[in-house]
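Listed below, chain by chain, are the residues.
There are 2 protein chains.
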Amino acid sequence: MNIGILGCGTIGGGVLKMIDDFSAEKGIYVKKVFDLPSKKDMLGERFAATPDEVCLNDEIDVVVEALGGDKFPYECIIKALNSGKSVVTSNKEVVSLHLEEFYALAKEKGVYFLCEASVGGGIPLICSLIDSVNINNVSRIYGIINGTTNFILTKMAKENVSLDDALSEAKRLGFAEYDATADLEGLDMTRKICILSSIAYKGYVPYVNVYHYGITKVTPEILSDVKANGYTLKFVAESRLIDGKVKVSVEPCVVKADNPLANVNYEFNAVYYHCDRNDTLGFYGKGAGRFPTASAIVADVARIANGNGKYYFSNNGEFEVSNFFDAEYYVYKNGKGEFVNGITNPSDYEFVARLFKVED
Amino acid sequence: MNIGILGCGTIGGGVLKMIDDFSAEKGIYVKKVFDLPSKKDMLGERFAATPDEVCLNDEIDVVVEALGGDKFPYECIIKALNSGKSVVTSNKEVVSLHLEEFYALAKEKGVYFLCEASVGGGIPLICSLIDSVNINNVSRIYGIINGTTNFILTKMAKENVSLDDALSEAKRLGFAEYDATADLEGLDMTRKICILSSIAYKGYVPYVNVYHYGITKVTPEILSDVKANGYTLKFVAESRLIDGKVKVSVEPCVVKADNPLANVNYEFNAVYYHCDRNDTLGFYGKGAGRFPTASAIVADVARIANGNGKYYFSNNGEFEVSNFFDAEYYVYKNGKGEFVNGITNPSDYEFVARLFKVED
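Quick note, the sequences are listed as chains A and B, same order. For the first sequence, position 357 matches number 351 in the working numbering, and the numbering has no gaps at all. For the second sequence, position 322 matches number 316 in the working numbering, and the numbering has no gaps at all.
Don't take each hint at face value.
Just so you know, same-sequence chains aren't split out, so a pair can sit in one copy or run between any two.
To be verified - Below are the DSS-like pairs computed for lysine-lysine, each with C-alpha atoms no more than 27 angstroms apart in a straight line: (1) K34 to K196; (2) K196 to K11; (3) K101 to K73; (4) K20 to K196; (5) K20 to K103; (6) K11 to K34; (7) K239 to K20; (8) K152 to K351; (9) K196 to K239; (10) K221 to K152; (11) K33 to K221; (12) K152 to K239; (13) K73 to K304; (14) K103 to K330; (15) K65 to K103.
None of these hints come from the bench; they were simulated from the model.
Please work from the sequences and hints to get the whole structure.
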């Protein structure tokens, strides 16, 4: 089976290396890699100067999209699917916006569209969720699905450093991008929880309608106060399907020490979901990093090679989305935190965090 | 696709109900169910008086083995595979003894052998492990993979009851069998860790050579002493691949509160494994119970129906097996616990528990 890769950065380059490592054994070969001309020398004969040399190439069976961004990857994915190629992507921006269209087009063309790496890095989460929804009704999903912000909050709490210092360390270690705004403000987790929710609830959950509240206002003083109250602060994404509508929240949450999210630290991610027949399932692993993410992409490629990746989205339309403001919240104002039943506007306080309980 | 079920008890009956619930939607039908004559009225036309009416039935594509035990299920599985039928089983006794033969025969016949439900109940663990070993080297597995004993230890620790009372409660709730010896003494977890290890390390790990030490000697006094030392007691299975040999242990372990196993309570299970490219992956869910286990079986059946379950065991022979006696241990004698570096014989003490650390 022949692979084309779009983008040879951290992730795409990791995929190239992994597939090259076992090409002979598995019969999977990378034929073309599209990137900027600066990569031409490194890639040699496999260098592709345009995405069309990959997406429209008759020799290529599977296109791995590892470009990042939105509009350009969208056009490439559509072109590849229309040319009868299967597509594997780790791009949550483009998946969260267009998953309905990608799945429908893949079905129409009889090819695969797989996006395991778009949520939870190397965790085999989407494939498990797809198996679960095949024989269960899923009604709730929650977890920590951003490695950058979990690293920052863990570092701040355990080592008593400022948010800026923790962010710098995350960048130094490769857990945060140059512009970490989408991580810090929750947009990244919003996209990811909406991808999971769309698959779990069998309809599109539009991320643009989701309330998210970031961690930029978190200070060591707030963390100390949270701890003094007997809690740990985690940045959590959660969604629930209730009476045909979806509640989604991406916001800091206070959790007790015996909460399964309390021990998920640094760049690790964890996701739990509730099934009607199978109760709660949980998944844990590295949510960021070159080889964890590349592993998830290559696992998708291997599924296609083994004929094991068939999945077509059950699309029952678009869900109405609301927030969790009626829950119990920890609110911080004038140097003091307290708990209140429900909030109307987060900006009434210096900082807010929902009280997150598994048994809710 | 037509299914035959061997055994219509808690698990087999759960599978029957689940498949009947969505037969029309999925095109999967239960044609025959073998069980004792007492089930004849309930099963009607689908009742099979002998296993041959299932295993040799030309109309049946997949045989679900839910009998329990060892010799009789073994004969049925071999017969079904030899007749060109795929087999799905939750039976860890028979899988831990014969997995090499089952996988080889399935490969020879071009059919599927799937055993997701044999370890970790409803957790999608074996399918994830198979995906992981396809593109990673796995070197360590650890977890809590017996719901009965985890329920008992949790109950004893949180509610200060005796082992006998906790066991009675587990039986009342359906989390323990009438004869819980295999659970309490660790034989059940030994079988399960050997199934996982065989798949992960690509060679047979014979469970009969594995050291296991049960929880029958645990008392409220020991639990109090463990707690006073700052630990929680968990019954843990662990294996490691080191220089082509395998170390396996199934023994009580003391863990710190921030250990990911510390918050796995009651009938829940959790398993973690280390991959070279993908770092640590973890899985959590109900390790026992009718519908969690039936869900795993039905997920395997659905994989076969979708053409998604192909897997053939990479068999590199049988591993030499040793124990973890050189590790740090908590030892209890004359009403007092202490830590020692290595033990030579567990029976030198009233009770022993290994100090389990993730970072070891």
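inquiry  = If the cut is 27 angstroms between Cα atoms, do K196 and K11 qualify within a copy, between copies, both or neither?
reply    = The answer is between: 23 angstroms across copies meets 27 angstroms, while 35 angstroms in one copy does not.
ask   = How would you classify K103 and K330 at a CA-CA limit of 27 angstroms: within, between, both, or neither?
value = neither (58 angstroms within a copy, 69 angstroms between copies)
message = Checking an output row: K152 and K351, CA cutoff 27 angstroms. Within, between, both or neither?
response = The answer is both: 22 angstroms in one copy and 19 angstroms across copies each meet 27 angstroms.
key: Same-copy or cross-copy closeness of K20 to K196 [CA-CA at most 27 angstroms]   = between (34 angstroms within a copy, 16 angstroms between copies)
task = Up to 27 angstroms between alpha-carbons, please classify K11 paired with K34: within, between, both or neither.
result = within (16 angstroms within a copy, 59 angstroms between copies)
inquiry  = As a check of your reading, is K196 near K239 (CA-CA no more than 27 angstroms) within one copy, between copies, both or neither?
reply    = Within one copy only: 12 angstroms inside a chain, 46 angstroms across chains, cut-off 27 angstroms.
task = Since the copies are identical, ignore which copy is meant and state whether K239 and K20 lie within 27 angstroms (CA to CA) inside a copy, between copies, both or neither.
result = Between copies only: 26 angstroms across, 44 angstroms inside.
task = Up to 27 angstroms between alpha-carbons, please classify K65 paired with K103: within, between, both or neither.
result = Cα proximity of K65 and K103: one copy only (22 angstroms, versus 48 angstroms across).
message = Please sort K20 with K103 into within, between, both or neither, judging by C-alpha distance up to 27 angstroms.
response = Classified as both; 25 angstroms inside a copy, 22 angstroms across copies.
task = Using 27 angstroms as the alpha carbon limit, work out where K221 and K152 are close: within a copy, between copies, both or neither.
result = Both ways: K221 and K152 sit 11 angstroms apart in one copy and 23 angstroms across, limit 27 angstroms.
request  = Give the relationship of K73 and K304 under a CA distance limit of 27 angstroms: within one copy only, between copies only, both, or neither.
outcome  = within (20 angstroms within a copy, 30 angstroms between copies)
request  = If the cutoff is 27 angstroms on CA atoms, where do K152 and K239 land: within, between, both or neither? Let me know, please.
outcome  = neither (38 angstroms within a copy, 37 angstroms between copies)
Of the numbered hints stated above, those contradicted by the structure are hints 1, 11, 12, 14, listed in ascending order.
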